[in-house]
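A.B. asks: Listed here are the chains, written in short residue letters.
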Amino acid sequence: MKQLFPLSLVLILTQTAFAFKVGLVLDKGGKDDKSFNSSAYAGATKAQKELGIELKYVEAMDTNAIENLHRSFAKKDFDLIVGIGFAQADAIKKIAAQFPEKKFAIVDGEVNLPNVKSLLFEEHEGSYLVGAIATMKSKTKVGFIGGMDIPLIRRFEMGYAAGIKKQNPKATLVSNYIGITGEAWNNPAKAKELALAQYNSGVEVIFVAAGASGSGVFDAAEEKKKLAIGVDSNQNWMKPGFILTSMLKRVDIAVFDTIKDAKEGKFAGGPVRFGLKSKGVDYSVDEHNDKILDAETRKKAEELKKQIISGQIVVPDYYKKAK
Amino acid sequence: MDQETGLALSTLLISIARGAAPLLFAAMGGLLSERSGVIQIALEGMMLMGALFAAITSYFTGSPWLGFAAGSLAGLIMAGLKSFFVLKLRTDQIVTGTAINILAVGIAPFITKILFQSTGSTPNLPIEARFVYAPLVISFLLSGGLMYWFSQTRSSLWVQFAGEAPQALQASGISVGKVRLFSLLTCGLFAGMGGATLSLCLASAYSPNMTAGRGFMALAALIFGRWRPLPTFFACLLFALTDAIQIRLQGATTGIPVQFIQILPYLITIIALAGFFGRSQAPKGLGQHI
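Protein chains in written order, with my numbering: chain A, 6 to 328; chain B, 15 to 304.
Check each hint, because a few of them may be wrong.
[Said to hold, decoys possible] Result set (DSS-like, lysine-lysine): computed pairs, CA atoms no more than 25 Å apart in a straight line:
hint : chain 1 : residue 1 : chain 2 : residue 2
1    : A       : K296      : A       : K229
2    : A       : K54       : B       : K127
3    : A       : K144      : A       : K61
4    : B       : K127      : A       : K61
5    : B       : K102      : A       : K51
6    : A       : K268      : A       : K99
[Claimed, not checked] Away from chain A, derived, C-beta distances all over 10 Å, residues of chain B:
hint : residue
7    : L103
8    : L156
9    : G158
10   : R242
These aren't lab readings, by the way, just hints derived from the structure by calculation.
All C-beta atoms in this analysis are idealised placements derived from N, C-alpha and C, irrespective of residue type, glycine included.
This is chain B alone, in the form it adopts within the complex (with noise of 0.2 Å):
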């Protein structure tokens, strides 16, 4: 391999660590909200929190790993709002996500105001209040730590029965109740994470919806990794990668439309949906009340 092949897988590989780490938090979290039977499809409010937040603590701090922090406490909040409707009032756990995310991009824009003047975005932070890649590597060790936890741990096992079976699991004198909030508030935690690595490493402030869909991408890999750590680690990792390959592709002429490649994630995401790599088997309790 000549040197100029060598910089070029480089550059590509850090470009799907980039586009990946987001997208592998938010995969993460949503997989421990799921695998503990409470639908999440509250990743893109918690995202798009996690972002505003550590773009503002960053902002005023100058810190980003404050901004950090700051970012993944806000997706804890949200989460803790989703648990509070979702597992005290026993709302619909479709419903009530919708209405987080949609109360996700109302705060932005009122806080924007009463900070800055402005509806929605935050000013540019500085490049020391910014990451480089600190967030993908912690991005990378999370997943790492999560896939140990479920294959060796017995207190996933609990996460993992409050969602097949919460029947047996009370049974057992273990609170389900408190198995979900604590699946639900990590999930929380880590999507506040990926928001605050947009905010705070891919771009360099928050602006309107920037998560751009990507709480929903982190729910497809998770689907397509059939709940588990290791598959969704690989369809985090492969969706980065048609995104990295098309983005390179745009500018090269290879007589294979942009389009094509730009739906491809979506495509596998559909056709492994449909069975054909086998089935896609969601917890038994998903979205039952206890």
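So here's chain A without its partners, still in its complex pose (with noise of 0.2 Å):
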């Protein structure tokens, strides 16, 4: 055992030095927000097992500390480090900057530098699918709950409104936002607050772009027996029965590709889009909505789907009005 000893520490010393090593930065919501940062967390962990990279995560408990995460993710050996979320953009442009033999990636932010891919959503499309979908449950009253007032969110709720819009044009639209600091993705007792104070209005579906806090909707939804739509992950899971569908952010496999091109020696710095043309956008079917989504309402989507991918139809883009 005593020579064997050395022996197994220098096999388990190649094996580290020779794995393909990824730091991932996770949001304030945590790996566990059921939502985002749980489908980046997925999409990594997937890679893990697949392409037996080496990978460590980290969450950021507050906006300042994300900066040192890269910092310190970026000193060490690793080989990509992948930030999650819009709060993150600034500590990636300034540390990619700093350490520019490494790869970076974001996902929601844009970063202009050679070594960091920026991975982006176009959030307005899934959202304008499921605000149709929303009206075709709803008839009159819809509601939205965003997390934090960011524009991000407000591409969500714009594309939403457009949906709804196209369905019914004599739609109301009811919209609240849980906060405007970063506390606003964890604070599911404010989001199901608000989802009583809609469903009590007349609400009929909620569609929730919260982070965390979404599952305070849920609870809302199940109390009132009403119907709500989940965010990023597929979410159906969580509340069978009342969960309408999910606006699918496939963070996960963008977070993925990312990892698997960057290991193949095939990354590539600059922005990448998802939308639902590359199904990195869309809408969740499975067996826990498969009763309550029925085949006509899935029947409309595909084709609102397929008009969005052919160009006929133009979803504004909060981004872009911004500008």
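Each chain sits in its own coordinate frame; assemble them with the hints.
C.D. replies: Next up, the structure:
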């Protein structure tokens, strides 16, 4: 055994030295928000299993910690560092410039450096579809609850509103935001309170884009026997029968593909956009919402999807409007 | 009053009760602690622990009542820790309170990682493992009980003297240390209940930092209420009312910016502290060691 010990140590060392190392910096919601961050984490763990990379993840407890987390990854022998969330753009911009030999990727943010890949999603397209689906179920009054009041979430809302108008021009949208700080991603109690107020005012379906706060809306839907629409991950399983569908944002695929490309030496900087066409955004159908999302609704949604992909329908984009 | 207004009013009242419950628990606990002379800025940490252990216990046992008990116990233990440092080792009360808050933020991911492989949140609780309204009733009963105790009983005078004139109480043969220990532990118990209300009634799981500043809101309510049970009770209700109104106004088009309504509770606190509604006098012995 004694002779074996140094040998196994060498084996371990060589293995770690050769493994492709990925550092994942998650946003405040944490890997268990069952939404945005969970999706990113799922993609990274899939890469860990299938590609044999070495993965280390950290959660940014507050915004000030982000830069330090990226720096500590960059200083060590990590090959690729992935930042999740718009709040990390500034940190990556700074650190990526300081470590030009390292590769970086960011989700939901755009950083124009040769060693940074920006993974962007056309959230408004997916939101448009769920807006139309919500209105098929709700008729006159539809709800939206956003997490933190930021342009990204406004983009969800704007696409959603356009989908509603397309389905029923007379339908009204009731829209609430949980807050204006990062705490809004983690305040299910407030989200539930907002949802109850909306349901009480006659709203039938609420689309929630609020990270970990979303569970509060699902609780309200369950108590009031109404419907909710999940976001980012497929959240249908969280409250089967009360979640109409989920607006998927395939952060998992984007993260997995980025890791795969980087490992195979095909990493390229610059922005990549994931829309309906590339299935980067979509709505979810599974055994949990099979019954409530009927075939007719699905057929109509598929038609709209085709029209958006072919360019017949142009979904208004908050980012473009803001410019 | 027609039926529709009646319905809207009743949902508003329930909404106020929901918003007020965690504040009431924490503020009443904080009131006890501060009246006995111990500055209480650790409400946030005690609430967090209460919320965490309530959610964990309810998840494993399926009983919200056991969860509620475990939550209050967790608050009590945090308070026990604080009293050991503050009363026994005579550390600075503000620094210790801050440490308790930071400790609570750190403990949560540590425990959830062991139990659920998750960093700082518990799995969602099924509807049978949650409360519908029981903690709301408890919070109001508890506030009423404390009001009665403060105005009608001799033992409450010990707590008040421990905060106002600790030397005098000591001279009369009552141990200030014991009175403060009792107040602190009860404070932890109440704050733990407040946390349990959050994770078992207002939400359906523990999520990181889910108190979202409610511990400090409770402290503000208590100062606004001039360290007296009845005004503190109304301060909590007022905070909950502004929150409920703000939620309702967000959807409607009133012309008043939502942000303005959101700052109301804080604005009221500042005005109150500035002495516009009469002087807000802290207990004289607050923060003093004996």
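A.B. asks: Taking the earlier hints as the rules, which of them does this structure contradict?
C.D. replies: The structure conflicts with hints 3 and 5, although it agrees with all the remaining ones.
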